[in-house]
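Residue numbers for the sequence shown follow my numbering, beginning at 4 and rising by one.
A few of these clues could be false.
[Stated by the list, open to error] Derived DEER-like restraints, expressed as beta-carbon distance ranges:
(1) K125 with G12: 25 to 35 Å
(2) G14 with G47: 24 to 34 Å
(3) V118 with D11: 36 to 46 Å
(4) V116 with D31: 25 to 35 Å
(5) S71 with P17: 24 to 34 Å
Think of the hints as simulated: they come from the structure by calculation, not from any bench.
The model shown is predicted, which means the values in this text are computed figures rather than measured ones.
C-beta: ideal position from N, C-alpha, C; glycine also.
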Amino acid sequence: MLGTLHRDGVGTPPSPAQAATWFGTACDGFDPLGCLEAGKMYDGTRGLPRDDARAGAYLERACAAGLSEGCELGGERVAGPGTVTSRRHGCACAVGEGLGGGDAAPWVVVALVVVRRRRQQKKH
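Could you build all of it, start to finish, from the sequences and the hints given here?
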């Protein structure tokens, strides 16, 4: 939220550097949208110098969290240390690679049902 306020200049003068810092902090706190926005901040169009290595790293994390926009944007980046050059190498976003966002939902429901039944059995 703070990154958005600094990026858009709501209640404070617009500050791309502060916005990128807050988005990066959100990403470090496992917020996929923070990772996506941090990656977008380093594309060279939002007031910061273009940094493909940083953008790629943040977008890769957004992709790994299941955000398809992170996969699409991350695939366009030039490789740097720890970054991904295409969707096929690292992100499980491409069709047929790993679990997609909707594939895990039934397994989560099954796990919750199993846990609930075990707890009920222990009470009796």
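Right, here's what the structure says about each hint:
1. In this structure, K125 and G12 break the distance hint of 25 to 35 Å, their C-beta atoms being roughly 55 Å apart.
2. G14 and G47 have their C-beta atoms about 26 Å apart, which keeps the hinted 24 to 34 Å range intact.
3. Here the CB-CB span from V118 to D11 is close to 42 Å, well matched to the stated 36 to 46 Å.
4. For V116 and D31, the Cβ-Cβ distance of about 34 Å falls inside the hinted range of 25 to 35 Å, so the restraint holds.
5. Checking the proposed 24 to 34 Å range against S71 and P17 shows it holds: the Cβ atoms sit about 28 Å from each other.
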